[in-house]
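The listed protein sequences correspond, in order, to chains C and G.
FYI, the numbering for the first sequence is 17 to 506, going by this note's numbering.
FYI, the numbering for the second sequence is 17 to 506, going by this note's numbering.
It is worth saying that the hints were derived from the structure and are not from the lab.
Fair warning: there could be bad hints in the mix.
[Unchecked claim] Keeping only pairs whose Cα atoms sit at most 30 Å apart, straight-line, the calculated DSS-like set for lysine-lysine is:
| # | chain 1 | residue 1 | chain 2 | residue 2 |
| --- | --- | --- | --- | --- |
| 1 | C | K372 | G | K280 |
| 2 | C | K314 | C | K161 |
| 3 | G | K283 | G | K172 |
| 4 | C | K442 | G | K383 |
| 5 | C | K184 | C | K442 |
| 6 | C | K372 | G | K283 |
| 7 | C | K359 | C | K314 |
| 8 | C | K383 | G | K368 |
| 9 | G | K442 | G | K22 |
| 10 | C | K22 | C | K442 |
| 11 | G | K372 | C | K442 |
| 12 | G | K161 | G | K50 |
| 13 | G | K372 | C | K22 |
| 14 | C | K161 | C | K442 |
| 15 | C | K383 | G | K418 |
| 16 | C | K184 | C | K172 |
| 17 | G | K368 | C | K280 |
| 18 | C | K368 | G | K418 |
| 19 | C | K383 | C | K372 |
| 20 | G | K418 | C | K372 |
| 21 | C | K280 | G | K372 |
| 22 | G | K418 | G | K383 |
| 23 | C | K283 | G | K372 |
| 24 | C | K418 | G | K359 |
| 25 | G | K161 | G | K442 |
Protein chains: 2
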Amino acid sequence: MDETQKQPTLVLMFGATGDLARRKLYQALYQLYKNNQEFAVIGLARRPHTHLSFRSLVSDSITPDEEHIGDFLNRFYYQPLDIEQPESFVSLKKLSDEIDIRYHLGGNRIFYLSLAPRFFTLAAQNLKRAGLTDTVGWKHLVIEKPFGHDLPSATKLNEDLLDVFDEKEIYRIDHYLGKEMVQNIEALRFANPIFESVWNHRHISNVQITSSETLGVGERANYYDQTGALLDMVQNHMMQMVALTAMEPPGRFDTEDIRDEKVKVFKSIRPMSAESISSQIVRGQYTSGVLSDGSVVKGYRDEDNIDSKSNTETFVAARFYIDNYRWSGVPFYVRTGKRMTAKSTEIVVQFKDIPKNPYFYHFEDVKPNLLVIHIQPDEGLSLKLNVKQFNETGNTMPISMKFSNNSGTSDYGAGAYVRLLSDCFKGDSTNFTRWDEVAYSWSLMDSIVAVWKENKVPLDFYEAGSMGPASSDQLLARDGFRWWPLTSTE
Amino acid sequence: MDETQKQPTLVLMFGATGDLARRKLYQALYQLYKNNQEFAVIGLARRPHTHLSFRSLVSDSITPDEEHIGDFLNRFYYQPLDIEQPESFVSLKKLSDEIDIRYHLGGNRIFYLSLAPRFFTLAAQNLKRAGLTDTVGWKHLVIEKPFGHDLPSATKLNEDLLDVFDEKEIYRIDHYLGKEMVQNIEALRFANPIFESVWNHRHISNVQITSSETLGVGERANYYDQTGALLDMVQNHMMQMVALTAMEPPGRFDTEDIRDEKVKVFKSIRPMSAESISSQIVRGQYTSGVLSDGSVVKGYRDEDNIDSKSNTETFVAARFYIDNYRWSGVPFYVRTGKRMTAKSTEIVVQFKDIPKNPYFYHFEDVKPNLLVIHIQPDEGLSLKLNVKQFNETGNTMPISMKFSNNSGTSDYGAGAYVRLLSDCFKGDSTNFTRWDEVAYSWSLMDSIVAVWKENKVPLDFYEAGSMGPASSDQLLARDGFRWWPLTSTE
Numbered sequence: 017m018d019e020t021q022k023q024p025t026l027v028l029m030f031g032a033t034g035d036l037a038r039r040k041l042y043q044a045l046y047q048l049y050k051n052n053q054e055f056a057v058i059g060l061a062r063r064p065h066t067h068l069s070f071r072s073l074v075s076d077s078i079t080p081d082e083e084h085i086g087d088f089l090n091r092f093y094y095q096p097l098d099i100e101q102p103e104s105f106v107s108l109k110k111l112s113d114e115i116d117i118r119y120h121l122g123g124n125r126i127f128y129l130s131l132a133p134r135f136f137t138l139a140a141q142n143l144k145r146a147g148l149t150d151t152v153g154w155k156h157l158v159i160e161k162p163f164g165h166d167l168p169s170a171t172k173l174n175e176d177l178l179d180v181f182d183e184k185e186i187y188r189i190d191h192y193l194g195k196e197m198v199q200n201i202e203a204l205r206f207a208n209p210i211f212e213s214v215w216n217h218r219h220i221s222n223v224q225i226t227s228s229e230t231l232g233v234g235e236r237a238n239y240y241d242q243t244g245a246l247l248d249m250v251q252n253h254m255m256q257m258v259a260l261t262a263m264e265p266p267g268r269f270d271t272e273d274i275r276d277e278k279v280k281v282f283k284s285i286r287p288m289s290a291e292s293i294s295s296q297i298v299r300g301q302y303t304s305g306v307l308s309d310g311s312v313v314k315g316y317r318d319e320d321n322i323d324s325k326s327n328t329e330t331f332v333a334a335r336f337y338i339d340n341y342r343w344s345g346v347p348f349y350v351r352t353g354k355r356m357t358a359k360s361t362e363i364v365v366q367f368k369d370i371p372k373n374p375y376f377y378h379f380e381d382v383k384p385n386l387l388v389i390h391i392q393p394d395e396g397l398s399l400k401l402n403v404k405q406f407n408e409t410g411n412t413m414p415i416s417m418k419f420s421n422n423s424g425t426s427d428y429g430a431g432a433y434v435r436l437l438s439d440c441f442k443g444d445s446t447n448f449t450r451w452d453e454v455a456y457s458w459s460l461m462d463s464i465v466a467v468w469k470e471n472k473v474p475l476d477f478y479e480a481g482s483m484g485p486a487s488s489d490q491l492l493a494r495d496g497f498r499w500w501p502l503t504s505t506e
Numbered sequence: 017m018d019e020t021q022k023q024p025t026l027v028l029m030f031g032a033t034g035d036l037a038r039r040k041l042y043q044a045l046y047q048l049y050k051n052n053q054e055f056a057v058i059g060l061a062r063r064p065h066t067h068l069s070f071r072s073l074v075s076d077s078i079t080p081d082e083e084h085i086g087d088f089l090n091r092f093y094y095q096p097l098d099i100e101q102p103e104s105f106v107s108l109k110k111l112s113d114e115i116d117i118r119y120h121l122g123g124n125r126i127f128y129l130s131l132a133p134r135f136f137t138l139a140a141q142n143l144k145r146a147g148l149t150d151t152v153g154w155k156h157l158v159i160e161k162p163f164g165h166d167l168p169s170a171t172k173l174n175e176d177l178l179d180v181f182d183e184k185e186i187y188r189i190d191h192y193l194g195k196e197m198v199q200n201i202e203a204l205r206f207a208n209p210i211f212e213s214v215w216n217h218r219h220i221s222n223v224q225i226t227s228s229e230t231l232g233v234g235e236r237a238n239y240y241d242q243t244g245a246l247l248d249m250v251q252n253h254m255m256q257m258v259a260l261t262a263m264e265p266p267g268r269f270d271t272e273d274i275r276d277e278k279v280k281v282f283k284s285i286r287p288m289s290a291e292s293i294s295s296q297i298v299r300g301q302y303t304s305g306v307l308s309d310g311s312v313v314k315g316y317r318d319e320d321n322i323d324s325k326s327n328t329e330t331f332v333a334a335r336f337y338i339d340n341y342r343w344s345g346v347p348f349y350v351r352t353g354k355r356m357t358a359k360s361t362e363i364v365v366q367f368k369d370i371p372k373n374p375y376f377y378h379f380e381d382v383k384p385n386l387l388v389i390h391i392q393p394d395e396g397l398s399l400k401l402n403v404k405q406f407n408e409t410g411n412t413m414p415i416s417m418k419f420s421n422n423s424g425t426s427d428y429g430a431g432a433y434v435r436l437l438s439d440c441f442k443g444d445s446t447n448f449t450r451w452d453e454v455a456y457s458w459s460l461m462d463s464i465v466a467v468w469k470e471n472k473v474p475l476d477f478y479e480a481g482s483m484g485p486a487s488s489d490q491l492l493a494r495d496g497f498r499w500w501p502l503t504s505t506e
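One chain only, chain C, in its complex shape (with noise of 0.2 Å):
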């Protein structure tokens, strides 16, 4: 897993002229490219391009740090393909071959796909039928979100791609996994003995994992209205970043080693009633409100595309319990939602308070001890602590030690997908979900769906522009918590 193992390979790339393929992929192709990365790409999408009217929409896609990036264009093959046309993959198996030897490719090949779920497995089948993925080299398949939208259909999607590829061949992307600071996580624990030595319940109170937005539901209304907050976006990021923050030290640093200790930690979710879940699961949806920027928005009821009776959530507050050694009675409070205050995500962990002591009169001041580990948009740390102020009364003050990214590497734009893609040519599958942890996911979350669509758990309204309904702040009161403010709205 090394820099050697950067070997020659094709992408075929399904959904070549979409929004994400356009945003990110041919900028982290481009970066992959000038790091010295061997690859040729064919496009592969219904419309019709040539090579040359495809090289140019990658060019538009990309920002080029110098003036002559023919070279990485010419790397460049279009296919016009319909999945549901077994045919047009015969012909894709022809120019691959052909592009294969041309470059010396040696066989090895990443199928991206880039595509709507419906497709997914379809397109599998007919890349197996049309022979692509007989290949002397190694083949990778990449798939994008969403992987299923229950346990059962995903579980009927994963049994499809083992009909053509074997788990260790089957990318499942979330790209917070490819996010530097998320990346970081297990440096920042198992680097730091002063951090390891405190990641447990003997130190720790609670951690709040935060990931808002301040977009509303914009062009993805259609299949964000089918979906909910619950499904986009707590079933795969936050739950992979409880996972990262809670596991134990692997045994060693290898793929399958952490992989298995996410899965220890999705196994010891406590499992809820339905009358827990309508206690500890928030769903909210957003009302009109005042952004901070003083732009005035509509409620999502009033989107385009929308229902106007929709209950879809667009906000969820969720407490966990992760019943181990490590972590028994520490709630992981997580919340996530469109039109927030702020963008942002970060992870808090909050340690235990002092003693309460009436003689530590100088220490009335004291707040609890954070660490804050802030993925996006800044990548940093923030320590929390408290000192004596600077003058003659010996009270404290809290102050916070911080460090940032300004390596100026970070490209969070399309950074992430850097990382992931750059693994995926090296065959390193740790920052990828494997089969069994999108299971216990879904699991989990079926659970709380199940008990949602009995419609006995009430939708809270909240503004657009605020953090989210009044019941998420309740969520943590009743603990004796309370959601700490994120760090760009301090």
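Given the coordinates of chain C, work out where chain G should sit on it, guided by the hints.
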């Protein structure tokens, strides 16, 4: 001990024309005056002065914030005084009583002995004989270092003082205890569970306390050549920093509870055999060399007023063990010296390494976690951590999170004396040393001096401008450690 206890007070300043008074004490009194402390001062020294000429000396010693400091200066009176002449004290009593009435000082008196140590006892005795200590208010004796030159002389001095003052009335100055970040050690440790949780031998591998100077022996040559770094710095300042770093949390944050905990540390310091003193305490003396500013300076033996064969140490490095449950097996290294690379006082707490695991291959570059308490010239904290590099390798890199006092209130020239004098006015002796602390420290120093007197322990030379002799580095290297670079020289 709160602000309301600022009672009007008469300050009898012995050594009123001396260096300390002019450099620090008048500035400190000016600061307290601006903070609404009511007082009058009688300056006492051998040389003749009028009230007016003394006020002019005081005026020259301070940096006023405002033009008009007449009211402040008018509180200063002067009386020539020969400590060996009891009759001087009779007229001093008369003047004191007059000023006491004039300013409604209620008989509260601070006797500040900024004197050569040989006068301490006589000054106290003559104060008593003249009835100056027989006052209706409270009386505090402030006494500058050195408090004796070994345990017997310190014991004798203490007994003499106790003939005149109670232990609770004696304020033994260790001006390091007035420094912001020394006073902050308790808040850092006990108001931050994240630190207190790991503040023990299970998590800390060693503690390094450095106080380095770039200055040479200067004008104190006579005194210094008879004293040396061990008694000048280690006996008091360094051992106080050891005690504050190592002590258990007190039951209450009260003066005697805190002092009790510090004494427990001194009691737990492992007594040293002659052999262990030879191997664990390094003594050094500077030779000529080049300072970091490029200036070429003389060796100690060539300094004015220093015996050209002097064996006085200008550098000490020592290893102490504190044999209690908290610190079992953790070396406390201290070093102090003149003519070193930089002027700096800091405490480095080094945490234990991560497990040696060959499969943590990404973690090759992991450096130990360090908490650095910057005492001077910077005031603040650094925490040295490891994070994943912001690139695709996944390797770690060391980072430093910092907090600096930028409150603008720091004025560490007089600042320590402002805080200590303020405490003395308020009757809070927490940041002064109690007799038993002093006695335990002397006992330890005496055991070292006794071995050194046998001339079996070599005096190791170091070039001016260096960090001390090689033996200082070897002291740590034998234990598998090294002195961390001072922050100011990093």
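Results for each hint:
With a C-alpha separation of about 24 Å, the suggested pair C:K372 and G:K280 falls inside the 30 Å cut-off, and the hint holds. As the CA atoms of C:K314 and C:K161 are separated by approximately 28 Å, the hinted pair is consistent with the 30 Å bound. Using a Cα cut-off of 30 Å, the hinted pair G:K283 and G:K172 holds, with the two alpha carbons roughly 21 Å apart. With a C-alpha separation of about 28 Å, the suggested pair C:K442 and G:K383 falls inside the 30 Å cut-off, and the hint holds.
Taking the CA atoms of C:K184 and C:K442, the gap is about 13 Å. The hint holds against a cut of 30 Å. Taken as a hint, the C:K372 and G:K283 pair is honoured in the structure, with Cα atoms around 29 Å apart against an allowance of 30 Å. As the CA atoms of C:K359 and C:K314 are separated by approximately 18 Å, the hinted pair is consistent with the 30 Å bound. For the given pair, C:K383 sits about 27 Å from G:K368 by alpha-carbon distance, which is consistent with the 30 Å threshold.
Restraint check: the Cα-Cα separation between G:K442 and G:K22 comes to about 6 Å, which is no more than 30 Å; the hinted pair holds. Of the pairs offered as hints, the one joining C:K22 and C:K442 holds, with about 6 Å between alpha carbons and a cut-off of 30 Å not exceeded. In summary, the hint linking G:K372 to C:K442 is supported, as the alpha carbons are separated by about 26 Å, within the 30 Å threshold. Annotation: proposed proximity of G:K161 to G:K50 holds, straight-line Cα distance about 28 Å (limit 30 Å).
The straight-line distance between the Cα atoms of G:K372 and C:K22 is roughly 29 Å, inside the 30 Å bound, and the hint therefore holds. Only pairs whose Cα atoms come within 30 Å are accepted, and C:K161 paired with C:K442 is accepted, the gap being roughly 21 Å. Proposed proximity of C:K383 and G:K418 is supported: the alpha carbons are some 19 Å apart, at most 30 Å. A threshold of 30 Å between alpha carbons decides the hint, and for C:K184 with C:K172 the separation of about 18 Å falls inside it, so the pair holds.
Proposed proximity of G:K368 and C:K280 is supported: the alpha carbons are some 28 Å apart, at most 30 Å. For the suggested pair C:K368 and G:K418, the alpha carbons sit about 23 Å apart, so the restraint of at most 30 Å is met. A distance of roughly 12 Å separates the Cα atoms of C:K383 and C:K372; the hinted pair therefore holds under the 30 Å criterion. Between G:K418 and C:K372 the alpha-carbon distance is near 28 Å, which keeps this suggested pair within the 30 Å criterion.
Proximity of C:K280 to G:K372 is assessed by CA-CA distance (about 24 Å); at most 30 Å being required, the pair is judged to hold. A hinted pair counts as satisfied when its Cα atoms are at most 30 Å apart, and G:K418 with G:K383 qualifies at roughly 17 Å. A C-alpha spacing of about 29 Å is found between C:K283 and G:K372, which places the hinted pair at or below 30 Å, so the restraint holds. At most 30 Å may separate the alpha-carbon atoms for a hinted pair to count; C:K418 and G:K359 meet this at roughly 26 Å.
Distance hint between G:K161 and G:K442 is fulfilled; the C-alpha atoms sit about 21 Å from each other, no more than 30 Å.
Comparing the model with each earlier hint shows no violations; every hint is respected.
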